[in-house]
Amino acid sequence: MKRRDFLKNGLKIGVAANALPVMLGGMPVRALGRSPLRSALESSLSSNNNALVIIQLQGGNDGLNCLVPFGDPNYAALRPTLGLSSSSLTAPLPDHNTLAFHSGMDGFLQLYSAGKMAILQNVGYSNPSLSHFRGTDIWNTATDSNVFASTGWIGRLLLEQNPGFPQTLPPQPLALQFGSGLSNLFLSKNGGMGIAISRVPSPGDLRTSLHNYDAIPQNPTTQYNELAYVRIIQEETEVYTKNIIQRNVTTNKVTYPTSNLATQLASIAQLIASGFQTKIYLVTQGSYDTHSNELNAQGQLLTDLSAAVAAFQQDIEAFGVADQVAIMTYSEFGRRPKENGSGTDHGTAAPHFVIGTQVKGMVYGNDPKLDAATLTAGGGNLIFDPQHDFRNVYATVMNEWLLAGGSQNTADIHSVLTSDPNGTYSANSTWQSLGIFKSSSQQYVGSDPEAMGLMLLQNYPNPASSQTQIQYTLDQPGTVELGIYTTSGAELMRVVDGRQSAGPHTVSFNVNSLPSGSYIYRLKTISQTVARQMIVER
Amino acid sequence: MERRTFLTSAGALGLLSSFVPLKANSAWFVNGHTSLTGRGEPLQTESADLSPYTGAWGDTQLRHLLRRAMFGVPQSQFDAAKALGSMNAVVSKLLEAQDVNKVPLPPPPASWVNGLPTDPKVSDPGGAVNLNRLYNTRIVEIGNWWFDLMVQENLSIREKMTLLWTNHFVTGSLTVQHPGYMYTYLQTCRQYALGNFKNFAYAISIDPAMLIYLNGNQNYIVGTKSYANENYARELMELFTLGILDPKTGLPNYTETDIQNSARALTGWKPTVKAPFIGWLQNGVNTNPDTGTVPQNEHDTGTKTFLGQTGNWGLQDILNIIFQQGTPPGYTSAYFVCQKLYEEFVYYIPNPSVVDAMAQLMLANNFEIAPVMQALLTSAHFYDPNVIGAQLKSPAMYAGSLVREFGLTYPAFDPTDPPIKSTDPNTHYNTYTDTNPTLTLITQVIMANAGGQQLLNPPNVKGWPGGHNWISTGTFQARESESYIALNNGYVNTKSNINLAFNADMYARQIQNAAGLSSQALSQALEDLSLAFTLGPLEAGDLQKDISATYPDPNYKYDPTDVKGFAVYLTSLPEFQLY
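Sequences listed follow chains U and S, in order. If you want my numbering, it's the position in the first sequence, counting the first as 1, plus 689. If you want my numbering, it's the position in the second sequence, counting the first as 1, plus 51.
One thing to keep in mind: the hints can contain errors.
What the hints assert, rightly or not - A short list of chain S residues far from chain U (calculated; beta carbon distances all over 12 Å): (1) P158; (2) E204; (3) L206; (4) N266; (5) G440; (6) N544.
As the list claims (entries may be wrong) - In silico DSSO-like links for lysine-lysine, alpha-carbon gap of 30 Å or less: (7) U:K1049 / U:K1213; (8) U:K931 / U:K942; (9) S:K299 / S:K276; (10) S:K513 / U:K1027; (11) S:K249 / S:K391; (12) U:K1027 / S:K276.
Treat the hints as calculated values from the structure; they're not laboratory data. Where is the CB? At the ideal position from N, CA and C, for every residue including glycine.
Could you put together the complete structure from these sequences and hints?
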């Protein structure tokens, strides 16, 4: 029996024994079929060569001591011991003089100054979990806070694009992670969509053995389903270890620092420069769980992070592949604004970074609000920017980067972030592409520093057929108008008209009177106007 | 060997030259912050409760029991267990360690576990840097001592339970950085391995290593100023006793306010600096065991509302309230803990109705662990054909089965206090003589590569996720590589005093009359020793060809050289990764 045939055999038997919890590589076998939804879609991942390097800041990075709002007097008041002052900071951002990086992060400042870094402020989600593990799961599985899912957003995206996996193993891994066990970020209903390696293997590590395999017996017991999992891993090991060893670039163009993160990024640069088609790379750095000794511990981590990323960026530029690489950070939560002894407790929102030559480098969103009223409203924690719900960041990365040039982005993003035949991940069905990549003609809404706290979210559902709702947040009390307009500017409906308090508002209304088509809704306060597009379809 | 190509021993050299100390070793892998929720479904078995097993008591069942209870099963222990006769007799034997008078705790590996220099500048000529190295060396020694106990253990479930508990009440040596504390912590886990879970939770809450690891020592008040640190309070509920959600209602078990208030109740606990290493409450009344004086109060005696109950709560009150949660009272914790037991001993995906039965039994026994294990290991569910062979080996299981089933030998654990060889802080960490370099190779390199498992150093407070997370492309390749090296030429490096040796003849002769058996019978017996599978004709045939140079072999002649090839091939089968 040939190596590959065991998969087919396992499949056949699995379908016959449907009553059993039949698993092949961790996935229910009946789910292996090509999804009808998918069949019409082209593989848009192959429509570009863009790769994404995800850096997980494990343990909860303290955003306030990373990108420091040093100009805010509340910051120093909340952090008499931990607060960083000018000697512990880089120079302020050139175009944003209220913010500076931790002094170890000169590399980040250089990247920002060169226009290669998008800073997204106050990234988070509603009803945040302050648990490391639940928080990590929420970010990895990309769900609402009260939804429990077993698959990761990257896993779902990769399966959308490669519905035949794993019966047809691509020549190079779809995703690659440094670590000893695979992150649930990469899990799909068809099992792990990526591979985990501890380090880049060398020829001496190659110790594959071509076995004859007996077929999985009829009516297999669970041990055979687990055996099928190990056989798939062995198969992947043979194929990918060899591929990685035989990459055609084995030296870097720059000298990296000695941290683990830097070593791993150096390897990733080699793989990308070798022409690897792997779309997603995941590296993990930590622990950022600085309940104590934060100044030293976080300072060292941020210094390593910044130096490693800066070296990586230089390297891929020297290799001439920088235009196809973006880096994104994430962390399960930020930390509490008020210090506690020599550290900080678990918190909520934090800034995150998207880095590369193809981003529109700037600060997106407002500085974190540290005033007493806001913190009280947040239970002592930061309030996230609803526009920077982390799923909007994912949607942006998909729409403007990983799927850029594809024709089915909206459907794909909906499958990944809202629901697919295997589950519902969010009550929200509309995600925003924030316009942070050069490929996007989208204008970032709400980036105006003047628009402190004024937010207008996408209506839901959109497209709407009858009832739809719009959420918005006012930075100050005052007179507000919210109207629906034709694309040429004629007002059709006035949804809100009157004086309202500061804070979040939700309005529901009926679009029955509007024919199918595209419309603008516009929120107007005394000082500013924000607009978005909505669609009516029935 | 023509149908498979093994590369030369370059891999062996690669591994040895990368033989690095604990701290630097993290370069070999990233502690993945992964909770593998990508799970399938619970096992579907005929029996989904704790009904006793009444089927045949055959070799298959006995091997299954021993594999789950221990770290691999040498033929001699299988024979000894078989001689005990019945399932109940074997299970009783395995659980005998519940009585620490009957099976005493192992004595400390060395005197230094109870006494360490406290001031690096004074006590150590190399200063703080060297002291850290000394601490790391000794923490590695504790892991070596422990692995040696695992593989030398007689019929007993104690070390397996101990490993489980260090993966439940997690601390980590890289954070604690104190061999005396890590030793004390390990002994606490061993002492309660089959004991009372409630008492265990109290003991571990004030265990010095835990007070350091989750910042209990930094959770205090001064006068009216509170420095309540939430780290331990959160994990106590989330990971140690309750879980986030109620298993029956799906509702949250506690709120952020409950975390904050219980953190206040836990203020003031400190680890002693001098041996014996214990936790003590600095409440303005108790004497500091280190100094003999009564220091200022750091315990918050104010009123706290915790899980709906209001009072001047302290640690014991908090635990009492926690162990009353659910319906019937205590069910939430019992279910949560029994889930862990199930995942370790049955299958990595819990079966809710079996866990429910375990939880009921645990409640009926006031949170005693041993009766639950006794019922589980004698249940029809445990011996269901769907349970046998369906667990993936942890690195400890993998390394344990290599050592125990294949009879790998290493120099006996040497408890000698490692003497200082050099005080030059610029030299390699090994300024201290490693008296057990071969064990260090196993615990720090082989087990780390085989799945990121360094004893006493889980990746984070949730512990190793286990299940499919043990086997990935990287770890599978490492496992193939390591068993190949160990069984082919052994890990031998005279310069580093490493000697992990394999004697193929001794391995085969575990089987009675090995040299007189047919190739079919011998390979079958050796397969049974290590595999929870009955191999099909292709794989079994290949193994038989390996053990017999003249296959097909009516005149088979036993040859240890062929046995070596057989062993290498056997361990490279995916089946070897399951138990």
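Now the hints, each set against the structure:
{"no.": "1", "hint": "P158", "result": "holds (33 Å)"}
{"no.": "2", "hint": "E204", "result": "holds (25 Å)"}
{"no.": "3", "hint": "L206", "result": "holds (24 Å)"}
{"no.": "4", "hint": "N266", "result": "violated (5 Å)"}
{"no.": "5", "hint": "G440", "result": "violated (3 Å)"}
{"no.": "6", "hint": "N544", "result": "holds (15 Å)"}
{"no.": "7", "hint": "U:K1049 / U:K1213", "result": "holds (27 Å)"}
{"no.": "8", "hint": "U:K931 / U:K942", "result": "holds (23 Å)"}
{"no.": "9", "hint": "S:K299 / S:K276", "result": "violated (40 Å)"}
{"no.": "10", "hint": "S:K513 / U:K1027", "result": "holds (26 Å)"}
{"no.": "11", "hint": "S:K249 / S:K391", "result": "holds (15 Å)"}
{"no.": "12", "hint": "U:K1027 / S:K276", "result": "holds (14 Å)"}
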